[in-house]
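S.K.: Chain A is already provided as a structure; the job is to place chain B on it using the hints.
2 protein chains.
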Amino acid sequence: MKIGILGYGNLGRGVEYAVEKNDDMELVGVFTRRDPQTVSVRSGAKAFNADDLPGMKEDIDVLIICGGSATDLPEMTPKYAEMFNVVDSFDTHARIPEHFANVDAAAKKAGKIGLISCGWDPGMFSLNRLYSMSVLPDGKDYTFWGKGVSQGHSDAIRRIEGVKDARQYTVPVPAALDSVRAGENPELTTREKHTRECFVVAEEGADQAAIEKAIVTMPNYFSDYDTTVHFISEEELKRDHSGLPHGGSVIYTGATGENNGNKHVIEYSLKLDSNPEFTGSVLAAYARAVYRLNEKGESGCKTVFDIAPALLSPLSDEEIRAHYL
Amino acid sequence: MKIGILGYGNLGRGVEYAVEKNDDMELVGVFTRRDPQTVSVRSGAKAFNADDLPGMKEDIDVLIICGGSATDLPEMTPKYAEMFNVVDSFDTHARIPEHFANVDAAAKKAGKIGLISCGWDPGMFSLNRLYSMSVLPDGKDYTFWGKGVSQGHSDAIRRIEGVKDARQYTVPVPAALDSVRAGENPELTTREKHTRECFVVAEEGADQAAIEKAIVTMPNYFSDYDTTVHFISEEELKRDHSGLPHGGSVIYTGATGENNGNKHVIEYSLKLDSNPEFTGSVLAAYARAVYRLNEKGESGCKTVFDIAPALLSPLSDEEIRAHYL
Chain A
4 MKIGILGYGN
14 LGRGVEYAVE
24 KNDDMELVGV
34 FTRRDPQTVS
44 VRSGAKAFNA
54 DDLPGMKEDI
64 DVLIICGGSA
74 TDLPEMTPKY
84 AEMFNVVDSF
94 DTHARIPEHF
104 ANVDAAAKKA
114 GKIGLISCGW
124 DPGMFSLNRL
134 YSMSVLPDGK
144 DYTFWGKGVS
154 QGHSDAIRRI
164 EGVKDARQYT
174 VPVPAALDSV
184 RAGENPELTT
194 REKHTRECFV
204 VAEEGADQAA
214 IEKAIVTMPN
224 YFSDYDTTVH
234 FISEEELKRD
244 HSGLPHGGSV
254 IYTGATGENN
264 GNKHVIEYSL
274 KLDSNPEFTG
284 SVLAAYARAV
294 YRLNEKGESG
304 CKTVFDIAPA
314 LLSPLSDEEI
324 RAHYL
Chain B
4 MKIGILGYGN
14 LGRGVEYAVE
24 KNDDMELVGV
34 FTRRDPQTVS
44 VRSGAKAFNA
54 DDLPGMKEDI
64 DVLIICGGSA
74 TDLPEMTPKY
84 AEMFNVVDSF
94 DTHARIPEHF
104 ANVDAAAKKA
114 GKIGLISCGW
124 DPGMFSLNRL
134 YSMSVLPDGK
144 DYTFWGKGVS
154 QGHSDAIRRI
164 EGVKDARQYT
174 VPVPAALDSV
184 RAGENPELTT
194 REKHTRECFV
204 VAEEGADQAA
214 IEKAIVTMPN
224 YFSDYDTTVH
234 FISEEELKRD
244 HSGLPHGGSV
254 IYTGATGENN
264 GNKHVIEYSL
274 KLDSNPEFTG
284 SVLAAYARAV
294 YRLNEKGESG
304 CKTVFDIAPA
314 LLSPLSDEEI
324 RAHYL
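Those protein sequences? They're chains A and B, same order as listed.
FYI, the numbering for the first sequence is 4 to 328, going by my numbering.
FYI, the numbering for the second sequence is 4 to 328, going by my numbering.
Think of the hints as simulated: they come from the structure by calculation, not from any bench.
Worth double-checking, as some hints may not be accurate.
Identical chains blur together in the list; that is why a pair holds if it fits in one copy or across any two.
Straight-line distance between alpha carbons at most 16 Å, and here's what the computed EDC-like set of lysine to aspartate or glutamate pairs gives [to be verified]:
| hint | residue 1 | residue 2 |
| --- | --- | --- |
| 1 | Lys299 | Asp64 |
| 2 | Lys266 | Asp141 |
| 3 | Lys167 | Glu215 |
| 4 | Lys24 | Glu261 |
| 5 | Lys266 | Asp276 |
| 6 | Lys150 | Asp124 |
So here's chain A without its partners, still in its complex pose (with noise of 0.2 Å):
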């Protein structure tokens, strides 16, 4: 299987060492809408202009497309589907129909598939959430996140006026997991779900005071959350804040039997060193289901939620029946 990048970031570099993992997978190249000339890819595959990916359709098998969910991905997605099988990691939740939509229209024409929303929330947490529901639809499900880097907060603080750097951590609330846990059922505003721990890189001289108030009244990332911060070196944040481990449980309770008398609790666990590696090596395991489902003559915009798991394994049916079953 050919597979080319787009965008050449942490998660397009969590999709390349994914790819060196898998045996049938090729990397034809990383696109970039930089010069390609100033970027130095990892592996050694070659770097291109994305400007060049028109003319190469019969090279690449799958693109996976590592952009922003804000502006590339609902122009970047629709825009490649017309040309190749792709996938992408688009998670901002409240316009995945509308994307949906654009990628339906543009993959269909072209023959292609687009999978849409892959990676691990959504992707592997959203498989559970449905899972569960449809085997317990008397039930309940609760997600937390966590402890770990939340990109988007950090950038967050980062625009604030007198910070340098910063680094944001989604933290779970132990007693809130603990009452899902036990089964318990409990309603639980954001507020009792997560907190957030933020280290900040103060420029010299800047009103430290008037960053924290910044940051912890900040309406949508902050105010609806018990925020904490910390004011460290720049040392400091390179030391002992440059990895981004993420993570998190979808916890699942339900009822069943007489009087709903049986509980029973599924919980789906991640515990992740970097976000960006694991997020990439999901993208890749669907790349190689998106090209088979693609090679069977199907086409349009599929989510996880559309893939029989046989397609993700480098296996055989026959193998994955002895081995996994």
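M.R.: Here is chain B on its own, set in the frame of chain A:
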């Protein structure tokens, strides 16, 4: 969807509860090899003799076969796959290829679907092993069972001379679980992974020392484990051990990135108050998928690996994307 249940033991009763939770399903009846007059169906659904099935091809969309893997299912599933879409929970691992081939031939001939080896292990656990290994090919999977009642092991104890009744719990070893969750990738022997705890009611005057020896030395079932045996009264067994709880975890650890420097731990765990009711719930959800897939014109033998998750949910694709992605 019109559902039939073949076999009315613990699992059949679990399916009956599950069908009641799903508004799009209707229980046509319970089919038994006993005299149906002697079978009282909890929900009030009709009891039939299994011999009535061949005359009811038009009345049942999916037949859920709730028999034992040792002798019932190898015969029943292929037989009824010639008449109905069927779902079973066949779990004799070594015989899956043979069972698959038999069911595949029967189902293809009839233009029906036979989904085998459904439940939680095989079933939901299998899915998690496959998803994890597909996403992180450089990794290792561990499956722990319990704490929970193993009906096979309880039955094995009951067959010992002098035993009136028994209940066996499979218990994962905490140190092994901790090591796996910490990403240490241990090599674990059978004995290091699980212990077995037995509660036995002896016949009056039976030789308890001989019973204990017969248990702990029993090949395949107990001799490879650290096994403890407690003799209790019939009343204590009834009071403290009447449920059929079970559960366990599939834990997958994998590595990505530079020199495999980033570790990832994926864990899927179940805590079930009632093993047969949860298993029955999984069978019911897959019955929905089987019906839909057959309506689309597919036939043959399938496993959970072949079923796109969306097919399991009563909701439309649009609703699923809006609420679970």
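S.K.: Are the hints correct? Go through all of them and say.
M.R.: Going down the list of hints, with the structure as the test:
1. Lys299 to Asp64: within (14 Å within a copy, 28 Å between copies)
2. Lys266 to Asp141: For lysine 266 and aspartate 141, the Cα distance is within 16 Å only inside one copy (10 Å; across copies 35 Å).
3. Lys167 to Glu215: within (13 Å within a copy, 70 Å between copies)
4. Lys24 to Glu261: Cα proximity of lysine 24 and glutamate 261: across copies only (12 Å, versus 49 Å in one copy).
5. Lys266 to Asp276: between (33 Å within a copy, 5 Å between copies)
6. Lys150 to Asp124: within (14 Å within a copy, 30 Å between copies)
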